[in-house]
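Since chain A is already given, all that's left is putting chain B on it; use the hints.
There are 2 protein chains.
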Amino acid sequence: MNDFSYITPTRYIFGHGAEEKVGKQAVVNGMSNVLLVYGKGSVVRSGLLDRVKAALADAGVSYVELGGVQPNPTDDKVYEGINLGRKEHVDGVIAVGGGSAIDTAKAIAGGILYDGDFWDFYAGKAIVEEALPIGVVLTIPAAGSEGSGNSVITSHDGKKISLRTDMSLRPKFSCLNPELTFTLPPYQTACGICDMMIHIFERYFSPTSGVEVTDRVAEGLIMAIMTEAPKVMSSPVDYEARANIMWSGTLAHNGLCGTGRAEDWTSHFMEHEVSALYPEVAHGAGLAVMVPAWMSYVAKRNPAKVAQFARRVLGVTEADDLRAANNGIERLREFFTSLGLPASLTSLGVKASDIPVMVRRLHENKGAVIGAYVPLVAQDTTAIYESAL
Amino acid sequence: MNDFSYITPTRYIFGHGAEEKVGKQAVVNGMSNVLLVYGKGSVVRSGLLDRVKAALADAGVSYVELGGVQPNPTDDKVYEGINLGRKEHVDGVIAVGGGSAIDTAKAIAGGILYDGDFWDFYAGKAIVEEALPIGVVLTIPAAGSEGSGNSVITSHDGKKISLRTDMSLRPKFSCLNPELTFTLPPYQTACGICDMMIHIFERYFSPTSGVEVTDRVAEGLIMAIMTEAPKVMSSPVDYEARANIMWSGTLAHNGLCGTGRAEDWTSHFMEHEVSALYPEVAHGAGLAVMVPAWMSYVAKRNPAKVAQFARRVLGVTEADDLRAANNGIERLREFFTSLGLPASLTSLGVKASDIPVMVRRLHENKGAVIGAYVPLVAQDTTAIYESAL
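Residue numbers (UniProt numbering), protein chains in the order written: chain A, 1 to 389; chain B, 1 to 389.
Chain A with its partners taken away, still in its complex shape (with noise of 0.2 Å):
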């Protein structure tokens, strides 16, 4: 196990009209006069952010508001938040939605106390040591943002690039209402529901060993996701099943799994490319084709945790190794297939003839050795792109 430190200072409200809560959280936390962030559509449609204003100023909180968030955020609408929140003195940054939203707000939160180009912080050159409050109320259980320190944000060249700060940029509260959520349409639930899976496996796919308690604690979600998956998607108004999904989704991404050990997060890194070539392609979608093609390839070379994997939570009893493993990522496939997820990125509209492309990103942007549980070249993710047409 590696030393660590780690700090999730986060209040989750969870249940039956977490929502509203906001206007009392916002006033707990400082906030007078705040930004509200969303993206468009169903935040507005749903009634959802009527209901966040009433909350706000029934507790004496004004608010201006960015709205138009887009999937895959832009630094145009950090600027134009930033921008806005100077001029109107705002002391907080409410994002109302999903992981769009949460990351667009983090970015203006920490843009906003900041001198130089916010942009600073996602090349490395700055770190994030103050930002205004963030509160969250929570739409879309998969990016994991409501409880996390990070945020990713593309760029006009269309680069997503990551953030990931130790305590700065976690929201001081997240509202999770799981009624939220019952809307969500099945293909947007389970891009999610993988989004959350993969976030796990980022951390689980280790090369540090002694740490079973953060393998077991992993793995322990990874089985309740799997059981309540199937059940979001047959039944979408389940509470439990969807309250179980939401609260997967935070705890899959708030640093928790990761704790004394070096992560690896070349499969998403590798979908990153795909969906900053491809933005059509959902975020989820992508991992579904990405994670079970990196593990397939990475098993080769080191089939160990795979095939704990494959033992302890797909109930696969292969004694050899690398068959476990094997074993495992099929059930996997056919599991990611089951949500309605894709099983190839030809299906998803990617040409083979991207693939030298995405790879150069990729290394580009990550450097010529990529990943911890097997360090991989420009030969390997080739390959594994292959692989995954």
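To be clear, the hints were calculated from the coordinates, so they are not data collected in a lab. What you are looking at is a predicted structure, and each value in this text was computed from that prediction instead of being measured. Be careful, since some hints might not be right.
The list cannot tell twin chains apart, which means a pair is met if one copy fits it or any two copies do.
Below, computed lysine-lysine pairings styled on DSS-like, alpha-carbon distance capped at 30 Å [as the list claims (entries may be wrong)]:
{"id": "1", "residue 1": "K125", "residue 2": "K24"}
{"id": "2", "residue 1": "K125", "residue 2": "K21"}
{"id": "3", "residue 1": "K125", "residue 2": "K351"}
{"id": "4", "residue 1": "K231", "residue 2": "K305"}
{"id": "5", "residue 1": "K305", "residue 2": "K21"}
What follows is chain B alone, placed relative to chain A:
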């Protein structure tokens, strides 16, 4: 799943030399002159206290000392600490030790800022609105107080009274160095392992349904503890095993496993009456006896969750719930015995003639009906104590 509000804002500094960070963490958390709370003997003899003092001095933090905290800590040390802390104008309290030192530090940190008697908090007459910041250097993985908002203090007339706060008494930081636990005597190690397992049980054996995610996390933690426990017993300086046990002890009691469900602390309360009457009985040893006795009794009325535990955690394959439950309880007893823990109250020196006293006190303290998984009256708790003899 029940609605919940949950926050765990403690920074965990985990690993080699974690105690050396105590000075920096004190400063980060606004401390400049702290009350150092510790027991007697081992933290002094081992040189740990000197290292902590040096780390504080290096960071420019001054300190006054309150040593001599006893196991099952009593209110006299709390009053002494409150008086000393006020006189010396301390702005933080740092515990060096296990649950007794930490629980005492918490009572002091809340009491110093409170005009009335600190017992008001424990008697439910007042809520801890504010407290001095609390820091921890942990030496005994067991009580989980390093990550909880809870504190247990024993009154002059021998009552162990628990206080649970939402956030105000949660430590700001806890330094967890597994090496500090290498020298724990085997019996104390075993008692700690039992204590942390039962912190999970008290949340797991709940009447609340629809909590697959926290069930799986709880089961994972128990499995990890049961895997690592024999290693630390046979090889006390096994760093990885000690690290897994230490981190498990924190996660067992920081509230994670209780999110979204009713808890049932009956067996803890029943043990408290044992060790209140027989102060020489270690809490974990008393639990090793009381918990299987409690489980056997409640399984007759409600076997389902005990059977789930037996099957998922202990590998029991029996189809009938009650039989599965009983098989599991038998395996659990064997596990505790294998650690050198007692299997009966008699072996702890408890007399049958004291059962009526313990039952009377139990229900005086906790009400005529106690428990959530299976509600119990005096007739039931009498039968459980008798079965544990």
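Status of each hint after checking the structure:
Within a single copy, K125 and K24 get their C-alpha atoms only as close as 36 Å, which misses the 30 Å cut-off; across copies the closest is 25 Å, which meets it. Taking CA atoms no more than 30 Å apart as the test, K125 paired with K21 passes between copies only; the shortest distance there is 26 Å, against 37 Å inside one copy. When the C-alpha separation of K125 and K351 is checked against a cutoff of 30 Å, the pair qualifies neither within a copy, at 35 Å, nor between copies, at 69 Å. For the identical chains of this complex, K231 and K305 are neighbours both inside a copy (28 Å) and across copies (21 Å), given an alpha-carbon limit of 30 Å.
In this homomeric assembly, K305 and K21 never come within 30 Å of each other (Cα to Cα): the closest approach is 42 Å inside a single copy and 33 Å across copies.
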